[in-house]
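Peer 1: Next come the chains, spelled out residue by residue.
There are 2 protein chains.
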Amino acid sequence: MFFSKLNSLKDTIEIIDNNQKIMGNEVIPLREAHKRVLAENIESFQDSPPFDKSVMDGFAVKGKDTFGASDSSPKTLKIVDSISAGVESKKHLKNGEAIIIATGAPIPKGADAVLMKEYTTIDDDEVIITNQVTPGENISPKSEDIKKGDKVLSKNTFIRYQEMGMIASAGYDEIKVFEKPKVKVIITGNELVEPTKDPLDAAHIINSNQFTMLSMIEDCGAVSSIECVDDTFESVENAILKASEEYDVVMTTGGTALSKGDVVLDVVETNGKLLCHGISIRPGKPFGAGIINNRMVFAFSGQPVAAMTQFDMFARKYLFKMQGREFKYPIVKRRSRLKIPSQLGRTDFVRAFSDDKYARHILNRGSGIIRSMIDANSYIIIDENNEGCQKDDLVNVVYFNLMSW
Amino acid sequence: MFFSKLNSLKDTIEIIDNNQKIMGNEVIPLREAHKRVLAENIESFQDSPPFDKSVMDGFAVKGKDTFGASDSSPKTLKIVDSISAGVESKKHLKNGEAIIIATGAPIPKGADAVLMKEYTTIDDDEVIITNQVTPGENISPKSEDIKKGDKVLSKNTFIRYQEMGMIASAGYDEIKVFEKPKVKVIITGNELVEPTKDPLDAAHIINSNQFTMLSMIEDCGAVSSIECVDDTFESVENAILKASEEYDVVMTTGGTALSKGDVVLDVVETNGKLLCHGISIRPGKPFGAGIINNRMVFAFSGQPVAAMTQFDMFARKYLFKMQGREFKYPIVKRRSRLKIPSQLGRTDFVRAFSDDKYARHILNRGSGIIRSMIDANSYIIIDENNEGCQKDDLVNVVYFNLMSW
Numbered sequence: 066m067f068f069s070k071l072n073s074l075k076d077t078i079e080i081i082d083n084n085q086k087i088m089g090n091e092v093i094p095l096r097e098a099h100k101r102v103l104a105e106n107i108e109s110f111q112d113s114p115p116f117d118k119s120v121m122d123g124f125a126v127k128g129k130d131t132f133g134a135s136d137s138s139p140k141t142l143k144i145v146d147s148i149s150a151g152v153e154s155k156k157h158l159k160n161g162e163a164i165i166i167a168t169g170a171p172i173p174k175g176a177d178a179v180l181m182k183e184y185t186t187i188d189d190d191e192v193i194i195t196n197q198v199t200p201g202e203n204i205s206p207k208s209e210d211i212k213k214g215d216k217v218l219s220k221n222t223f224i225r226y227q228e229m230g231m232i233a234s235a236g237y238d239e240i241k242v243f244e245k246p247k248v249k250v251i252i253t254g255n256e257l258v259e260p261t262k263d264p265l266d267a268a269h270i271i272n273s274n275q276f277t278m279l280s281m282i283e284d285c286g287a288v289s290s291i292e293c294v295d296d297t298f299e300s301v302e303n304a305i306l307k308a309s310e311e312y313d314v315v316m317t318t319g320g321t322a323l324s325k326g327d328v329v330l331d332v333v334e335t336n337g338k339l340l341c342h343g344i345s346i347r348p349g350k351p352f353g354a355g356i357i358n359n360r361m362v363f364a365f366s367g368q369p370v371a372a373m374t375q376f377d378m379f380a381r382k383y384l385f386k387m388q389g390r391e392f393k394y395p396i397v398k399r400r401s402r403l404k405i406p407s408q409l410g411r412t413d414f415v416r417a418f419s420d421d422k423y424a425r426h427i428l429n430r431g432s433g434i435i436r437s438m439i440d441a442n443s444y445i446i447i448d449e450n451n452e453g454c455q456k457d458d459l460v461n462v463v464y465f466n467l468m469s470w
Numbered sequence: 066m067f068f069s070k071l072n073s074l075k076d077t078i079e080i081i082d083n084n085q086k087i088m089g090n091e092v093i094p095l096r097e098a099h100k101r102v103l104a105e106n107i108e109s110f111q112d113s114p115p116f117d118k119s120v121m122d123g124f125a126v127k128g129k130d131t132f133g134a135s136d137s138s139p140k141t142l143k144i145v146d147s148i149s150a151g152v153e154s155k156k157h158l159k160n161g162e163a164i165i166i167a168t169g170a171p172i173p174k175g176a177d178a179v180l181m182k183e184y185t186t187i188d189d190d191e192v193i194i195t196n197q198v199t200p201g202e203n204i205s206p207k208s209e210d211i212k213k214g215d216k217v218l219s220k221n222t223f224i225r226y227q228e229m230g231m232i233a234s235a236g237y238d239e240i241k242v243f244e245k246p247k248v249k250v251i252i253t254g255n256e257l258v259e260p261t262k263d264p265l266d267a268a269h270i271i272n273s274n275q276f277t278m279l280s281m282i283e284d285c286g287a288v289s290s291i292e293c294v295d296d297t298f299e300s301v302e303n304a305i306l307k308a309s310e311e312y313d314v315v316m317t318t319g320g321t322a323l324s325k326g327d328v329v330l331d332v333v334e335t336n337g338k339l340l341c342h343g344i345s346i347r348p349g350k351p352f353g354a355g356i357i358n359n360r361m362v363f364a365f366s367g368q369p370v371a372a373m374t375q376f377d378m379f380a381r382k383y384l385f386k387m388q389g390r391e392f393k394y395p396i397v398k399r400r401s402r403l404k405i406p407s408q409l410g411r412t413d414f415v416r417a418f419s420d421d422k423y424a425r426h427i428l429n430r431g432s433g434i435i436r437s438m439i440d441a442n443s444y445i446i447i448d449e450n451n452e453g454c455q456k457d458d459l460v461n462v463v464y465f466n467l468m469s470w
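Taken in sequence, the protein lines are chains A and B.
First residue of the first sequence? That's 66 in the working numbering, and the numbers climb one at a time after it.
First residue of the second sequence? That's 66 in the working numbering, and the numbers climb one at a time after it.
For reference, chain A alone in the conformation it holds in the complex:
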């Protein structure tokens, strides 16, 4: 297949968007829900706090009983009870009385403030106080944080550590989340061998893509299984058909160029629907996508950097959205340290090291130079309507670490 008409980046993203699949839901223990995505609204079963709560260790009092108390003019209250956290006082506080109270304990009836222990001295069954508190002081009122019945989190919320706390406080010990996509990665290439410290046989190359692919998939909240197959049509066809029945997404590397080696897209065309092949981007032109057995097949280049860029552009968003999570490239503006040439009609993903102000692109950036991704922390994106940029021009930058799950 000749790339006679390359798809634009925008069209390709749209084609893939139009074929977006969404995972089903599963109920899991809250303990395992960190970094999952809610598949239900969280409506609280509880008030939080569930009662007017002391936020200090000290004495529950009537505020007005403390007015005017100071070091030079102490006041005395009668201690009628003592409660620790988890315990409710049976007493109803009267004028001139105080109850010893610990952080987290419910405010006793009749009390309206907590005086910190620091301002008190116990003398037998009395407490001498040297400071005043206003009503409400050192109390966290019932339902101040969460009100029973309120929707506290919406479906499609990504669960960070603070959402974990919120969901627990709302009374849920298990929740409904989107399932994680299971991704089959099929690595094609007769030349590929496992990493070895020994000299390589002639014409052999170490299979590094399997390691970058499994890591990138993990970076998208999904799980992967890797398989290496021969370049033959039959081997690739068998592997893809089987994967399309057992997995949620199929990804391949290699075999996307135009030749007898271009087996992956031939398999897709023969067994399903080819959505696109050949994209006007650099690196990463030989990318294809298609549908087999209602499963998306991403066909990435065998060139390591091309495969990474193609994954960043097309697969991340897809895997995020499968799990109910929005994905937006967090584009920021930086000044280019150097002039960057580009070609009209092609979108360039120029690896760069960017700081808070500037982006300096990596000079040696062939699509097989992994070093260029190691030295970089970001892409400068030169869009297709642009012939590159001059030194100090403002350019669009995306940081790698902001594209992760």
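You can't tell identical chains apart in this list, so a pair holds if it fits in one copy or across any two.
Dumping the calculated SDA-like pairs for lysine to any residue here, alpha-carbon to alpha-carbon at most 25 Å:
#1 Lys-75 with Leu-459
#2 Lys-70 with Asn-336
#3 Lys-393 with Phe-465
#4 Lys-262 with Asp-215
#5 Lys-220 with Phe-110
#6 Lys-247 with Asp-331
#7 Lys-350 with Tyr-184
#8 Lys-386 with Asp-440
#9 Lys-241 with Gly-214
#10 Lys-393 with Leu-218
#11 Lys-100 with Ile-427
#12 Lys-156 with Asp-117
#13 Lys-216 with Asn-90
#14 Lys-393 with Glu-244
#15 Lys-393 with Ile-439
#16 Lys-350 with Gly-431
#17 Lys-159 with Thr-141
No lab work stands behind these hints, which were simulated from the structure alone.
On the provided structure of chain A, position chain B as indicated by the hints.
Peer 2: Positioned in the frame of chain A, the structure of chain B alone reads:
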């Protein structure tokens, strides 16, 4: 214990730094190394590519044999061999000859360029070419990416997906990394119960801290085990002593205030060395740290938001550094949408929602209000030499998602 003299944030960070422990090393399969930290330099056992490699499907040729070829003036070369990836040609290319070559295959001897298949037509044992190539074109030269013997990655490098590919290409199928810290989290509080949808018994509160703690620890590349214990000195002492023997770090929540409930720091003082107690920050004043059995004990507040902020300030850096990874708060400048009052001598971590230009702080931000962390994506940090800020002042902002592993 009365917080008569609070430690400053800076002093506390320094005290903890001075007691930093570093984990040992372990050798693991490369497949499991994503997001670990290298505990050895990676010196390459291989050249990458290991030979002059074709990056296109087409014909290996002598560049000079193609000079002048065009659609209107095609040239003809004799096909003498055909090689796919993984195969080396036995032929030595002579003038006027061409060898069919696939992406990834080694350039045959005598050839110095690859002409893309698009510009060729096969006619029996000859190929008609309609374009020219310069010597070196479409070839990735041997060791262009990695040179055998070179140090390609340094000890203490964090392993992203691109480092995974680099390490594989250098010939390593297993590597030495820093061990993950095992963290014991001891939750104190007689009032705490598991999440439930049923009405809570009087004075009970749902234990949400266990869920935020395990998630934050996971966000630092470490693993956790949670235990809930009574507030008594004996229970807390037993739990901490046992944990200090079996785990790398001990963390507690609750029992850090001044009162009979202040058991955690009493246990630390009795059994080890108290490093600090009471920090001039907000939220999070009642934080303590100490050493028992040569293990760091972090004593966090029982108040959910105070515990999160304390973890962010003191534990993240510690857990990163245990694993050989540097941690720097990625502070950026934003304009405050609103006036923020603060107190001289105290560092405030004001939860805020920040975009690329502005930070708007959350108004209701008691140390128990989890909602304030949900609505926020960042802290505005008002340092101790500052009495707050005015609307539109530039303030220091740290994004939550940039403090993660």
